[in-house]
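J.: Sequence:
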Amino acid sequence: MTHPSQRKPDKEDCNDRSLARSWTFRGIDCPSCALGIEERLSKEAGVDTVRLDYARKTIRITAKEEQSSSYFENLITIAKRIEPLFEVAHKKENTHHFPFELMRLIVSALFFILALVIREPWASIASYIVAGYPVIRRAIRNILGGKIFDEHFLMSVASLGALAIGEVDEAAAVMLLYIIGEYLQDSAVEKSRNSILATLDLKTENARVIDGKNETVVPGESVPVGTIVRVLAGEKIPLDGVVVSGTSTLDMRSLTGESMPLPVEKGSAVLSSSINISGTLEIRTTKVWEESTAARILHLVEESSAKKAPTERFITTFARYYTPAVVASALLLFLIPLIITGSHQPWLYRALVFLVVSCPCALVISVPLSYFAGIGKSAKSGIIVKGGNYLEALAKADCAIFDKTGTLTTGSFTIASIDLFDTDYSEEQVARLAASLERHSTHPLARAFAEIPHARDVTDIQEHAGKGIVGTIGHQRIALGNNALYEVLEIPMEERGALLLSVDGFLVARFNVVDAIKDEAPALMKRLRSYGVATIGMISGDSKKNAEAVGLALGLDEVHAALLPHQKQETMIEMGKRFPDYFYVGDGMNDAPSLAASKVGIAIGSGASDAAIEHADVVIIHDDVREVGNLISISRKTARIVRQNIALALGVKALAMIFAAFGYAPMWVAVIADTGVTALAVLNALRLLIFNPSR
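Taking this note's numbering, the leading residue of the sequence shown gets 125, the next gets one more, and so forth.
Hints were generated in silico from the structure; no laboratory data involved.
Please note: incorrect hints may appear among the correct ones.
Claimed, not checked - Below, simulated DSS-like cross-link-like pairs (lysine-lysine); rule was C-alpha separation at most 30 angstroms, straight line: (1) LYS204 x LYS390; (2) LYS520 x LYS701; (3) LYS701 x LYS668; (4) LYS701 x LYS504.
To be verified - Listed next, with one range per pair, are the computed distances between beta-carbon atoms: (5) GLY466 x ASP705: 45 to 51 angstroms; (6) THR410 x HIS599: 39 to 45 angstroms; (7) THR186 x LEU234: 46 to 52 angstroms.
For every residue, glycine included, the Cβ atom is placed at its ideal position computed from N, Cα and C.
Using the sequences provided together with the hints, build the complete structure.
T.: What follows is the structure, given as C-alpha cells:
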C-alpha cells in the first residue's frame, strides 16, 4: 500500500497545497478515543501536529511542509480505520443528524408503548431492534477495529443478556432509555458547545471596500493593508485600522469584555470585530486578516485545546482502564456466586445491571466540557487562556509576581525633579539634551521627556537594552541611563539613579521620575489576598527607591528592583523555587523572557508587545489590571465545577454499582442513573457561562 507521504500528487492537488487542514467530526464518544487518533496520526511521516478537540468537535492536522489535499484525506482514512464510525466534514458543513436520531427514538417509543398495551413480546422486540440496531452495529464495528471496551459494548452485552434470560420488556426499556439519554446528552453538549463558540464569533466575513465613489463588498480575508473600508452602524469592523472619516462609538465587548462604548473619531485606531454602534466610519486598514486582533484571538483559542489540564489527561487515561476493569468486575460478580451457589439467573441479571450503570460518560464528557466552558467564559471577558492546564494551575496559585511599569503603574512617567551636579548647565539645558536622546529610545522612561522641546540633532546613537542610550550631540558624547550603563561605558559613577546624564564622561544631572500607581491596583491586591494568594511580589527594572515606594503603597511582600531583563527572569525563577504555584504578570518587551519561563505567564494590556503576547500563557486584551482577579475567579470556579462533576459521577456510579451488585437496582434504573448523571454534569459545566467573575 502506498504511504500517504509517498503518494504522487495529482495535478489538481498541486494547486491546493497547504500546511494544515481542519475539519469538524462526529462519531467519537470519548476523549480517550480522540487521544488514540492523535497518537496514531502523529506517527505518520510528514505530520507535525494533530489536534483533535473533543469538546469543540474539531480536528486540525499540521504538516511539516506543504502537502496536497490527498495527503490530508489519506490521514483521515487512517483515522477511520482506528475509529470506524469517525466522520469528518469541513468546518462550515454540518455533521450532525439529530432529526434522524429523533425519528428512530420516536418509532422505538411507539413500539414500546404498544407492547405495554397489548402485552405481546414481538412489539418489545421491534422496539429493541429499532433502538438497539445502531448501538449493536457500532459495538461490532468497534470490536472488528480492535476497540472492544466502550459504552456501546457494555449496553449491547447487557441488553442481549437480558433477552437471553427472557427479560424482553426490560431489554427494550434499557435500549430505549439509553438512546433517549444519548439524544438528550448529545443535544445538551451540542447546545453548550454552540453557546461557548458563539462567544468567540469574532470573524467578519465581508468588507465594504471604497475605491473613489465605488463601493464593493469583498471577503475580509482578501483585503490588503492600506485599503479604505466603510463600516455602517450596527456592523462589525472587519480589520484593524485607523479612522479616516466619521465619528462613532464602538462596542468592544467581544474583544475586551468592556461594557462601556468606546468613542472614536478621525485618527483613532480601531480593532477588528468591534461593533460600530452609531455613525458610519471609513477606515484605512493597517493589518491583513491573518494579522488582525480578532484573528490572533481566534488562533490562540483554537490552540488552547493542545494544552490539556492534568485532570483532563487523568480522566482520559482513567477511561482507558476503567471500562475493562468494570467488565472484569461484572464477570466476577456472575461467576463467583455461580460457582458457590450453582444459581445463575439472578447473578447474571445483576452483572448485566452492573455493566449498564458503569458507563463512564459523565466523567469523560463533562470534564473536558468544563475546561472548554472556562476558556470560553474567559475569552468573552477579553481574557485568552491558551490551555486548560493554565486554568488548573491558576486555580491552585498561592503566589503572584508582577512587573511594575505598565502593569501595576500607569507607565506614564513624569519628571518630578532634576538634580544638577555641574553649575555650567541649567535645568532647561540638561532637559533638552536628555530629550534629544530619548526621542530615539523605545524605553518607557523616554515618555517622561515627550513634552520637552528637542531640537538638537543626535548622531552615532547606541541604545543598551535595560541600561540606557548614548549619542553624539555636536562634538559632545552624551549618555543617559542607569548605573549599569556606566559600567558598560567604564565610567565610574558615585551617584545612583535610573536616569543619570553625563557629558563626555562627566556626570551633570540626575532626573527623578515618578510613575503613578494604577487606581485599580490596590483593589486587585486585596482580592488576591481573599483568594488565598499569600505571597505577592514585584520585579522591576526601576530604581530601588521608586520600586519600594510602590511596594509599600500596595502592601507587597517582596520587591526586587534595578534589574535587567535577564535578571528579572532569574529573580522570578528563584521566587518560583520557593513558591512553586505562582504566576507572573507583565506587559512589555522586556517581560517576554519572564513570561516564557514562568509557570503561568500573563500578558496584560492593549499595548502589550507582540513578544509578550507570543510568550504568555494567558493574554488579557485590555488594560484593567483587575482582570487578573477575574481570571483567578474563573479558574477557581472551573476547578470547583470539575471537582463537583468528578465527585458526582464517581459517587453516584459507586452507589449505583453497589445497589446493582446486591440486586436492588433494575436495569432501567441503571440506565437512568447513567444518563441522568451525565446530563447533570453537563448542566453543571454550563454554569460557567452565566458566572459573573467580578462579584
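J.: Compare the structure with each hint and give your call.
T.: Tested hints:
no.: 1; hint: LYS204 x LYS390; result: 55 angstroms, violated
no.: 2; hint: LYS520 x LYS701; result: 16 angstroms, holds
no.: 3; hint: LYS701 x LYS668; result: 23 angstroms, holds
no.: 4; hint: LYS701 x LYS504; result: 34 angstroms, violated
no.: 5; hint: GLY466 x ASP705: 45 to 51 angstroms; result: 58 angstroms, violated
no.: 6; hint: THR410 x HIS599: 39 to 45 angstroms; result: 41 angstroms, holds
no.: 7; hint: THR186 x LEU234: 46 to 52 angstroms; result: 48 angstroms, holds
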